[in-house]
Structure formats: C-alpha cells, structure tokens
Amino acid sequence: MTTYADIGPYVPEPDFPSWLAKKGLPQSYEKLFSWPREQLQDEYDKLHNSWKELKQRFDDKTQEYEKVHNARISYMENHGIEQWSDLDENIDQHHILEKDKFMKTVANINNERAGLKEQISSTYPALPLIYGIIHQIYTNYEKICDDERSTHGLASSNSWDPRWRYIGPLQNPFWKLGPGSSDFVLHLD
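The working numbering applies: residue -10 is where the sequence shown begins, and numbers increase by one.
Keep in mind that a hint or two might mislead.
As the list claims (entries may be wrong) - Within a straight-line C-alpha distance of at most 20 Å, the following computed EDC-like cross-link-like pairs (lysine to aspartate or glutamate) qualify:
#, residue 1, residue 2
1, 90, 75
2, 12, 131
3, 88, 107
4, 12, 27
5, 106, 31
6, 90, 77
7, 90, 101
8, 44, 32
9, 20, 31
10, 44, 34
It should be emphasised that the hints constitute simulated quantities derived from the structure, not laboratory data. Values in this document were obtained by computation on a predicted structure and should not be read as measured data.
Between the sequences and the hints, there should be enough to build the whole structure, so can you do that?
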C-alpha cells in the first residue's frame, strides 16, 4: 500500500544549478545535460571506481574491527574477565593496558570507518544522476522534477506498486547499484 505524508505541495528548485546546490552536488555539473556521452561515461566511471574503492576500504575496516572485537572477547574469556570495570587498578595493570590497547585500536578503526562512510555518502549521490542521464531516463531537469513530484510526500510504498517502473534512480529506492557491475538495477519483487 502506498501512503503519503501531508507535507504540502511539491515546490521544485527554480533551476538545475539550484537543485545541484541543494543536493550538495558539484556546480561543475551545471551543463551535465549537454555533456557528450563519452564525458558522462568517463565521469560516471571515475565516480563509480572511487565509490567502489571507498566501499571496499570500508568493508576491510569493518572486518578489521570484527577481528579486534573477537580478539578482545577471547582475551577477556581467556583471562576470566567479565567486564573491564571489574579490574583492580593495582592488581590488574597488565590487563588494563591490554584493554586500553583494544579500546584505542577500536576507536581508530571506527574513526577511519566514519571518514570512509562520509566519503562514500558524498560520492554516491552523483551516480544515479549521471546514470540516469547516460541512459536517457533524465533528458532534462524537468524529468528530475517529475520524479520528485511523483514521490513527494510518499511515506511508504512497496515494490509491487507499478509507479516504480517509471521512476528513475534518483527517487526510486528499488534502483540499486549492482555489486559486481557499474550499472544500476531495478529490483522489484
């Protein structure tokens, strides 16, 4: 079932450069609709490769976090430590130093993951836009506005709703970047 929130009428940005600014996309994309296909594809490939690399680094850091987390749990189990707070500062100096190492390592990994996540978040939004232009889903700014208008106030929906077949990757939650490809794929159940 599709439901809508009452958030008022849809009011588009006055022009594409304003829309880009609102979305946090580069102003260098102002003339994106007039770029030659080769230039669009080069930009898409560059962004996709960057996104893929960042995502891989994020996944690697997540695995590193899991290893440290499991090592910390093993250390605690092997030394009969239920909680770090149970340690006595005078007797358990060695364990407290180990705890501090674990905590510092985890904090560093999490900081790196947060930075990577931010970079991923800033790289990804341009991909569906450029993909949509390359594949002529978006031939002009009005097509983007049409999709926004169609989904404005949409609070919930499901993939069975036929509307999703006609809404491009910018506004359609069922468009996903394929894991093994550089293409977006529409996933409808």
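Tested hints:
1. 90 to 75: 17 Å, holds
2. 12 to 131: 16 Å, holds
3. 88 to 107: 28 Å, violated
4. 12 to 27: Given that 20 Å is the threshold and the Cα spacing comes to 24 Å, the pair is violated.
5. 106 to 31: At roughly 24 Å apart (the allowed maximum being 20 Å), residue 31 and residue 106 break the hint.
6. 90 to 77: 17 Å, holds
7. 90 to 101: Holds, at about 17 Å.
8. 44 to 32: Distance ~18 Å between residue 44 and residue 32 Cα, so the pair holds.
9. 20 to 31: 15 Å, holds
10. 44 to 34: Roughly 15 Å between the alpha carbons, so the hint for residue 44 and residue 34 holds.
The structure fails to meet hints 3, 4 and 5 from the earlier list, while all remaining hints are met.
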